[in-house]
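Participant: Residue numbers (the numbering used here), protein chains in the order written: chain U, 1 to 281; chain X, 282 to 438.
It is worth saying that the hints were derived from the structure and are not from the lab. Be aware that one or more of the hints could be misleading.
What the hints assert, rightly or not - Here are the simulated DSSO-like pairs of lysine-lysine, each with C-alpha atoms no more than 30 Å apart in a straight line: (1) K401/X <-> K140/U; (2) K243/U <-> K358/X; (3) K280/U <-> K401/X.
Unchecked claim - Partial selection, computed: residues in chain U whose CB lies under 8 Å from chain X: (4) M163; (5) L166; (6) E238; (7) N241; (8) K243; (9) W247; (10) T251; (11) I276; (12) R279.
As the list claims (entries may be wrong) - Just the calculated beta-carbon pair ranges, DEER-fashion: (13) I167/U <-> R397/X: 57 to 65 Å; (14) R397/X <-> T174/U: 30 to 38 Å; (15) I167/U <-> A328/X: 50 to 58 Å; (16) Q274/U <-> G335/X: 52 to 60 Å; (17) R250/U <-> W373/X: 18 to 26 Å; (18) A231/U <-> G335/X: 44 to 52 Å.
Nothing here was measured: the structure is a model prediction, and the numbers come from that model. All C-beta atoms, glycine included, are put in the ideal place defined by N, C-alpha and C.
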Amino acid sequence: MSSPETTPRETSGTAGSAKSAQAASEHDGGAQPREGGNIGGTGEVPSFEVTLKIRRYDPERDSEPRWEEHRLTMYGTDRVLDALHKVKWEVDGSLTFRRSCAHGVCGSDAMRINGVNRLACKVLLKDLNLDKPITVEPIKGLPVEKDLLVDMEPFFASYREIMPFLITKGAEPTRERIQSQVDRERFDDTTKCILCAACTSSCPVFWTDGQYFGPAAIVNAHRFIFDSRDAGSDLRLEILNDKEGVWRCRTTFNCSEACPRGIQVTKAIAEVKQAIIARKF
Amino acid sequence: MSAPEQTPGGSYAPALETPRSPYKRSRSTRPNWELHGWLFMRMSGLALIVLVFGHLFINLVQGEGIHQVDWGFVAGKWSSPFWQTWDLLMLWLAQLHGTNGVRTVINDYAERDATRFWLKMALYLATVIVLVVGTLVIFTFDPCADPTRNFDFCSAA
Numbered sequence: 001m002s003s004p005e006t007t008p009r010e011t012s013g014t015a016g017s018a019k020s021a022q023a024a025s026e027h028d029g030g031a032q033p034r035e036g037g038n039i040g041g042t043g044e045v046p047s048f049e050v051t052l053k054i055r056r057y058d059p060e061r062d063s064e065p066r067w068e069e070h071r072l073t074m075y076g077t078d079r080v081l082d083a084l085h086k087v088k089w090e091v092d093g094s095l096t097f098r099r100s101c102a103h104g105v106c107g108s109d110a111m112r113i114n115g116v117n118r119l120a121c122k123v124l125l126k127d128l129n130l131d132k133p134i135t136v137e138p139i140k141g142l143p144v145e146k147d148l149l150v151d152m153e154p155f156f157a158s159y160r161e162i163m164p165f166l167i168t169k170g171a172e173p174t175r176e177r178i179q180s181q182v183d184r185e186r187f188d189d190t191t192k193c194i195l196c197a198a199c200t201s202s203c204p205v206f207w208t209d210g211q212y213f214g215p216a217a218i219v220n221a222h223r224f225i226f227d228s229r230d231a232g233s234d235l236r237l238e239i240l241n242d243k244e245g246v247w248r249c250r251t252t253f254n255c256s257e258a259c260p261r262g263i264q265v266t267k268a269i270a271e272v273k274q275a276i277i278a279r280k281f
Numbered sequence: 282m283s284a285p286e287q288t289p290g291g292s293y294a295p296a297l298e299t300p301r302s303p304y305k306r307s308r309s310t311r312p313n314w315e316l317h318g319w320l321f322m323r324m325s326g327l328a329l330i331v332l333v334f335g336h337l338f339i340n341l342v343q344g345e346g347i348h349q350v351d352w353g354f355v356a357g358k359w360s361s362p363f364w365q366t367w368d369l370l371m372l373w374l375a376q377l378h379g380t381n382g383v384r385t386v387i388n389d390y391a392e393r394d395a396t397r398f399w400l401k402m403a404l405y406l407a408t409v410i411v412l413v414v415g416t417l418v419i420f421t422f423d424p425c426a427d428p429t430r431n432f433d434f435c436s437a438a
């Protein structure tokens, strides 16, 4: 589990910008606008006022979660994550959230933005309705630990249960396990998963029934079930044939809509259902 | 035994919104019917499209339409084993399809175990009553039971 950020604002906020300003004045050019240049304002990044409404919860002080609003000046190139950084680094250092790569690859910063699950690092502020406050909440269905940080353990427990690793049989080949392009293509979509939990925590079945495996676990099972090199499909299909397995899916498509990687999650679940039926009859 | 270690201020936990119970999968020892339930919903759904729309067409559109439906019309239909089978099939499939649908709704929405159990018991009781009474009517329907009706075969018998 990644630890919450604790960067004090002095290091990267004030001091950082002062340093860069100094560096810019020392070396001519750089990112600093030239004097008298850019008269017409061409190429200037537009700035705007944003109200960020964050769901805060400090277990040591709050008896229940509360909303906190921040008025920020942000730029056209900024994402929701930048706004959260601005709050954390310049306003309130106690704001807690996960983020690692900040570029939509690691899957750490899934959160509920304006009521839908998104990665904060992939949502540009300018694409949202700025007339209203932008609400940022922790993802639903997992226990909130602090502010936007949830306990991901139930999510990963489901993930581990479907055995997300290659299971082979027979002698190991001397070189690599060869697979045709067509066979590889079969499960390509589900290899894209970054385990951000946006799908599972958008699933209404998961909200009410925490025992449900959830879309992410099924997607990752799909990745191996349809892999021609894998020999553990029967095991995985049997696990997902559980009362809390794929049959719990109500095809509401929330998961497909939430996936930041564009995985056709509901389709993958349907394919697993079909595979179980095909195996039984 | 020493008390389990707690984080500072650990007593806050109950105040937290508890969206779900802790992760603990109970491996069901009972046979799992979910696969069959899921398949039944799709199969019965397809059959019901034919059965229900066939029923509606025969009763309400064909011939004199809605005005033809009376005691005699029903008596005429149920004198044929074909329509008896049709109606029996429609009754059972529709009732079980509906029951299974409501069962999943109860499973999805009832949060307490006791609530879920009793709602399902009520559902199953209603299902059994409808199936028993409906089946009974289809097989024991007596066209001569209505004294205002005078079919030829009633007096003959």
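Participant: Each hint needs a verdict: does it hold in this structure or not?
Facilitator: Going down the list of hints, with the structure as the test:
1. K401/X <-> K140/U: Holds, at about 28 Å.
2. K243/U <-> K358/X: violated (42 Å)
3. K280/U <-> K401/X: holds (28 Å)
4. M163: Not OK, violated: M163/U not within 8 Å of chain X, min 14 Å.
5. L166: violated (24 Å)
6. E238: violated (10 Å)
7. N241: holds (6 Å)
8. K243: Given a least distance of 5 Å, the restraint on K243/U holds.
9. W247: Holds, about 4 Å.
10. T251: The hint is violated - T251/U has no Cβ within 8 Å of chain X, the shortest such distance being about 11 Å.
11. I276: holds (6 Å)
12. R279: For R279/U, the interface hint is violated, since the closest Cβ of chain X sits about 10 Å away, which is over 8 Å.
13. I167/U <-> R397/X: 57 to 65 Å: The hinted range 57 to 65 Å is violated for I167/U and R397/X, with Cβ atoms some 36 Å apart.
14. R397/X <-> T174/U: 30 to 38 Å: 56 Å Cβ-Cβ, so the 30 to 38 Å window is violated.
15. I167/U <-> A328/X: 50 to 58 Å: At 40 Å between Cβs, range violated.
16. Q274/U <-> G335/X: 52 to 60 Å: With Cβ atoms ~29 Å apart, the hint is violated.
17. R250/U <-> W373/X: 18 to 26 Å: Because 25 Å falls inside the window, the suggested range holds.
18. A231/U <-> G335/X: 44 to 52 Å: Cβ of A231/U to Cβ of G335/X: about 48 Å, so the range 44 to 52 Å holds.
Violation of the numbered hints given earlier is confined to hints 2, 4, 5, 6, 10, 12, 13, 14, 15 and 16; the remaining hints are satisfied by the structure.
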